[in-house]
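> Sequence:
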Amino acid sequence: MAVCRCAEKDMCQRDLTRLSKASGFTGDAASDDSEMNNNLNDGKGNVPSSFTSDKEGDLLSSVDDVHNEMTDKISGCSSEISEAVSRVQSAYRAYCFEDAIYHAEEALKGH
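First residue of the sequence shown? That's 1 in the numbering used here, and the numbers climb one at a time after it.
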């Protein structure tokens, strides 16, 4: 016997709205990360080698390591959000199907 799934459908819609917002944040973060990396790379090329020190190479390497880690984290968050969207959309479709059956049965009982 089917049951009303209006509350679950509403929860799914709220979750999809939140996930969409989160996806926007990760997109912004990825864009900012890419821009930062481009700026750092541009800066590396503009410093004459006579002005660089041994420590500068270590610093640039550390910055690159942090950038790579951030890129991986942002990408991982993006993937998790996409997977969550798929799961919620699947649940939403199932709830819609069951809810439609329930309301159709209720309408038939009323006649």
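Accuracy of the hints is not assured; some may be wrong.
[As the list claims (entries may be wrong)] Under the rule of at most 27 Å between Cα atoms (straight-line distance), these lysine-lysine pairs were calculated in the DSSO-like manner:
(1) Lys21 / Lys9
(2) Lys21 / Lys73
(3) Lys9 / Lys109
Read the hints as simulated data drawn from the structure, not as lab findings.
> Does each hint fit the structure? Answer for all of them.
For each hint, the structure was consulted:
Under the criterion of a C-alpha separation no larger than 27 Å, the hint pairing Lys21 with Lys9 is consistent with the structure, at around 19 Å. At most 27 Å may separate the alpha-carbon atoms for a hinted pair to count; Lys21 and Lys73 meet this at roughly 17 Å. Between Lys9 and Lys109 the alpha-carbon distance is near 23 Å, which keeps this suggested pair within the 27 Å criterion.
In this structure, every one of the numbered hints holds.
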